[in-house]
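Trainee: Okay, here's what each chain looks like letter by letter:
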Amino acid sequence: MQIELNFASDKAIYTQLYEAIILAIAKGEIHVGDALPPVRTLAEEIGINLHTVNKAYGLLKDAGYVTMDRRKDTTVSALPVASNTMQLSTLQSDLELLAAKSHLMGFSEEDFLSYCSNYFKQFKGV
Amino acid sequence: MNMTLWITLFTYVLIYITFTYSQKLSPLHCYFGVYMPDTFAKSSEGKSIFKSFLIHSTFAFFVTLTISCILIFTNHFTSGLLILFILVQLILYFAFYIVAHKKVRTFKMTLSSPQNISAKFVIDTDFVAQKIHLRNRYFYLYLVPLMINILTGIYLFDNYKHLPELIPTHWNYLGQADHWSTKSIWSVASIVLFQLLFTVLMAFCSRSQWNARSKGNQNSEAFKNGHLKYLKVVSLSFYILTLFFVSFMVFNAYALVTGTNLNVFVTLLMSVFPFACIIWLLYAYFKYERPSLHATKDSTQYLPEDNDQYWLLGSLYHNPNDPALFVEKRYGLGWTMNIGTPLGKLIAIITLIVLIITLGTAIFTSVPL
Numbered sequence: 189m190q191i192e193l194n195f196a197s198d199k200a201i202y203t204q205l206y207e208a209i210i211l212a213i214a215k216g217e218i219h220v221g222d223a224l225p226p227v228r229t230l231a232e233e234i235g236i237n238l239h240t241v242n243k244a245y246g247l248l249k250d251a252g253y254v255t256m257d258r259r260k261d262t263t264v265s266a267l268p269v270a271s272n273t274m275q276l277s278t279l280q281s282d283l284e285l286l287a288a289k290s291h292l293m294g295f296s297e298e299d300f301l302s303y304c305s306n307y308f309k310q311f312k313g314v
Numbered sequence: 032m033n034m035t036l037w038i039t040l041f042t043y044v045l046i047y048i049t050f051t052y053s054q055k056l057s058p059l060h061c062y063f064g065v066y067m068p069d070t071f072a073k074s075s076e077g078k079s080i081f082k083s084f085l086i087h088s089t090f091a092f093f094v095t096l097t098i099s100c101i102l103i104f105t106n107h108f109t110s111g112l113l114i115l116f117i118l119v120q121l122i123l124y125f126a127f128y129i130v131a132h133k134k135v136r137t138f139k140m141t142l143s144s145p146q147n148i149s150a151k152f153v154i155d156t157d158f159v160a161q162k163i164h165l166r167n168r169y170f171y172l173y174l175v176p177l178m179i180n181i182l183t184g185i186y187l188f189d190n191y192k193h194l195p196e197l198i199p200t201h202w203n204y205l206g207q208a209d210h211w212s213t214k215s216i217w218s219v220a221s222i223v224l225f226q227l228l229f230t231v232l233m234a235f236c237s238r239s240q241w242n243a244r245s246k247g248n249q250n251s252e253a254f255k256n257g258h259l260k261y262l263k264v265v266s267l268s269f270y271i272l273t274l275f276f277v278s279f280m281v282f283n284a285y286a287l288v289t290g291t292n293l294n295v296f297v298t299l300l301m302s303v304f305p306f307a308c309i310i311w312l313l314y315a316y317f318k319y320e321r322p323s324l325h326a327t328k329d330s331t332q333y334l335p336e337d338n339d340q341y342w343l344l345g346s347l348y349h350n351p352n353d354p355a356l357f358v359e360k361r362y363g364l365g366w367t368m369n370i371g372t373p374l375g376k377l378i379a380i381i382t383l384i385v386l387i388i389t390l391g392t393a394i395f396t397s398v399p400l
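First to last, the protein sequences are chains U and S. Every letter in the first sequence is one number past the one before it in my numbering, and letter 3, counting from 1, is 191. Every letter in the second sequence is one number past the one before it in my numbering, and letter 218, counting from 1, is 249.
It should be emphasised that the hints constitute simulated quantities derived from the structure, not laboratory data. Don't take every hint at face value.
Chain U stretches covered by chain S per the calculated footprint, using a threshold of three residues with CB under 8 Å from any CB of chain S [to be verified]: (1) 192-202; (2) 214-225; (3) 235-241.
Using N, Cα and C, we set each Cβ at its ideal position, and we do this for glycine too.
I would like the entire structure built from these sequences, with the hints used as guidance.
Mentor: Structure, rendered in structure tokens:
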């Protein structure tokens, strides 16, 4: 998988990593059971603190996207990801905010759903 | 005397060429240790700074060479003086480099948009996994020199009792013993220790350069292929050099035990082979690495070492937030250590201590040449 990070962005690097890996899993660029690069390797390759990578991997683990096995490998979890009530509620409020922003920018309901549909098409088969 | 002249001349010329042409081997965007647009080298200001540096360095080269030749021809030249002159040259070349570095920095402050550092970084995790796999493969090969090491130790230990009280500990370029010491565990074990030290250092360096970052964009197949080819040549040359050195020490051990001379052909090969490796590495750099970096020079990655703030005089890299131990040098070819990391600090301190002790000893135990 290819991850693009932007060091000039306001978004923290650990958030960018977290979101990029979720997208990569959804698009099938990395598959269930595949291992993510080791924390130290990824941190050295990018040139960021180990804690930044640890934080991103930690968030992915808490959300259920990855699991850490006995050998300390981080692997992609089976899909669909097991989610709890709090995660679903967070997802819904994120969606509400996104819908609100789209509406205020002049998107119609059809436009919004069309965008969503296109993204789901990319994720099909995963 | 003639041999002294040739060795001195050869050494001085090698140092002079390496130092003055380091800028041509420096990474993209680096000019005398300062991050600059890659067009700066060809600009009138850039050319003028290089010309000035070259004139100063060449003058220093001819002055030290002339003084050395006078001392050689009047039979006053010693090994201590040779080392001293080499040190003086290195200090002078570095001083001229600092002058050039400061000129570039001053000029950079006059630029309206001084830095054009890319803010993006693309990582290809399959490429990273491939590097790790190859890194481990080359690392396990070092079990072979380690085995030779152990066998040499056993051979010396077995024969220790039969050794004479005065044992040869150094052989000249003709393979003849030219220095003896009284037999002791240390003087005999030093052969095995040198083998071990060399093996460990080379294995560590070989492993480290697979972990080192590169400026090339990981989106580009041209970059990835070229870079991997280059790293393979580096690993292979380090490994073959290790095997050579460890085997050479086996010949030393045999000469020590049997009291015979070293084979002249072997000593010649040992002198020549490291240079052959250097040529091979330079060839691989220009054939694989340089073109692979140029393939993506318009879309280079953001690297923390692109920030001037982490560099001392464009030579020492200090960035505690960067976990990498090795980063690419800004001036010349190769890698330098990140002295912001705990291991980097430790290695730097140990190196400095070893340097002071060995140089001090060499100068104070000077012999006429």
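Trainee: Against the structure shown, which of the earlier numbered hints fail to hold, in ascending order?
Mentor: Per hint list: zero violations.
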